[in-house]
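Going down the list, the protein sequences come from chains A and B.
The first sequence begins at 9 in my numbering and counts up by one.
The second sequence begins at 9 in my numbering and counts up by one.
Hints are computed from structural coordinates only; laboratory data are not their basis.
Incorrect hints may have been included.
Pairs involving identical chains hold if they fit within one copy or between any two copies, as the list cannot separate such chains.
Dumping the calculated DMTMM-like pairs for lysine to aspartate or glutamate here, alpha-carbon to alpha-carbon at most 25 Å [what the hints assert, rightly or not]: (1) 219 x 84; (2) 325 x 56; (3) 239 x 307; (4) 109 x 60; (5) 152 x 165; (6) 40 x 214.
Protein chains: 2
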Amino acid sequence: MQHTPPDLPPMKDLTIENITENVHIINSKCDKPRLKFLINTLVTHLHDYARETRLSTEEWEQAISFLVAVGRISTEVRHEFVLLSDILGLSLLVDAINHPKLPAATEGTVLGPFHTLDAEHIKQGDTISHDPDGIALFGVCSIKNSSGKPMAGVEVDVWETDSKGFYDVQYEDRTGPDGRAVLVSDEEGMIYFKAIVPVPYPIPHDGPVGKLLGSLKRHPYRPSHMHFMFKKEGFDRLITALYLRGDPYETSDAVFGVKESLIIELKKVGDVEGLSEKHGVSPDTVLLQHDFVLITDEESMQVRTEEAWKAAKMADKDLTVVDGLLVPLD
Amino acid sequence: MQHTPPDLPPMKDLTIENITENVHIINSKCDKPRLKFLINTLVTHLHDYARETRLSTEEWEQAISFLVAVGRISTEVRHEFVLLSDILGLSLLVDAINHPKLPAATEGTVLGPFHTLDAEHIKQGDTISHDPDGIALFGVCSIKNSSGKPMAGVEVDVWETDSKGFYDVQYEDRTGPDGRAVLVSDEEGMIYFKAIVPVPYPIPHDGPVGKLLGSLKRHPYRPSHMHFMFKKEGFDRLITALYLRGDPYETSDAVFGVKESLIIELKKVGDVEGLSEKHGVSPDTVLLQHDFVLITDEESMQVRTEEAWKAAKMADKDLTVVDGLLVPLD
């Protein structure tokens, strides 16, 4: 084979100080500005990290082995890299960046590693959980747009653990979905469903991420919560959860998902006039009631673009915003 | 199960701005100062990265999928995470930090993903490569300590590709080691071996790391080189390689391994008087000649500690040095 030298500025004698610049030089032929920006910024941070900590060869080897272990345990239903991102606070941060808080809209939070695509579609008032040991709960939620108009036809994914704190996918003998379902909001923008009162539970901690939590002397618990995902054409997909006020892990969630605006107080069905009779649910049943507000794709893009421009102006490089994403000005 | 709240300062309403501090709070119980420092510094850089790039949810998902793919292709003989670290310049940087250049000593470079533990021990003058298509080469290397004294009994691992640019482990039908061997230096601190002239070769680019290189419009080639690893009780393990002057990829190595002090010019055995006769090697045979200098563990620890103290003084936190490693002052 004939080899011809590539058309690149030659890299100089590589040292602790000049390696970063030289990796940027070798990446300079990349014709995707956003990718080049993402990789070069990553390289800068990785190198600064190694320089600031003076990472030892042994620690680097341990980090490589850890990443291999995280990859090896990953499957279609065990998302160990998502879990790693979660316990480092990265997932919450990425969500916060991409779904800036608007006074009018419901805040998002971490998706977590337990959402599946096989949840059954159920009718209004049906149950999402078949666990006989759970405390029965009735859910009544409204969905509105940012002008306060009820939204019909929103697809709502709801998922939670069983009363022992496990999602269906954590059981090896799982035969089908449970503790999860998809509903569609009615003409008044409402969904009604039966479920069980959420309980605190540990994230899966029998793998490499659990071992890391142990070394950090961190507990693996999440406070009691119920997950929700809202989808409707033209609207920004909302991934969120509701948390129970007073949970022992309310202020130390292992994956940093709790937000003040998402903490709710449970009531009784009997507290709301007519609810028990209308839905044939005992007045003693625990009631989960919440009003969700979705924003459109346009509203979301607008606020993300505004936030991106703010970040561009604060950066020490010349950046611009394309499709809501930061890229360097050439 | 009874749950009691952990003894931790409560985390506040988590936002783009305060999430980093809050991850540090939840890590504050860790009783291993170096681990806590490594993880908290990692969290700071990860978060700064996401904030500076305003990483989108889609990009985060792609990054997670990429890491899973890198983990899944990894095996005992395919080290894709090492390769990823190599092409990002991290491996070279970690080596440079841990093996600071001393005027007296041979510089190190990247280990690469192809070292194995099953290389055969051979006698002085034996061959490390059985590839009949390679151009024959005779290796004559001296090994000395930093005062210039020849070192006997040093275990030297030597490895290279075959004439097609593949390591033995890249062949699916590999039955045993080839293109690699372990020698022990004689009383005069010398090793002599037969091998073949190294050729440029691509790093494995049929996996996720190769795909990334493609997206970055980077070539996957390494310039021609031969790997060496030196081990002797009491001495700092030296991992290095020798590169051939004038290689087409001399200044654009895909994994940033080339250092000026490691580039050599090949000669002929006949250029050195008496060599041909003494070893029964034709004077036309290509000669690879190099003098290596090893430093002791003590010398290495001393220079690393000095460098660590310099880094500690330049940091904006209060840091100290324990066993050559930076840790925060509490």
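Here is how each hint holds up against the structure:
1. 219 x 84: Close inside one copy (21 Å) and across copies (22 Å); limit 25 Å.
2. 325 x 56: Cα proximity of residue 325 and residue 56: in one copy and across copies (17 Å, 15 Å).
3. 239 x 307: Within one copy only: 15 Å inside, 63 Å across.
4. 109 x 60: between (33 Å within a copy, 18 Å between copies)
5. 152 x 165: within (16 Å within a copy, 69 Å between copies)
6. 40 x 214: between (40 Å within a copy, 21 Å between copies)
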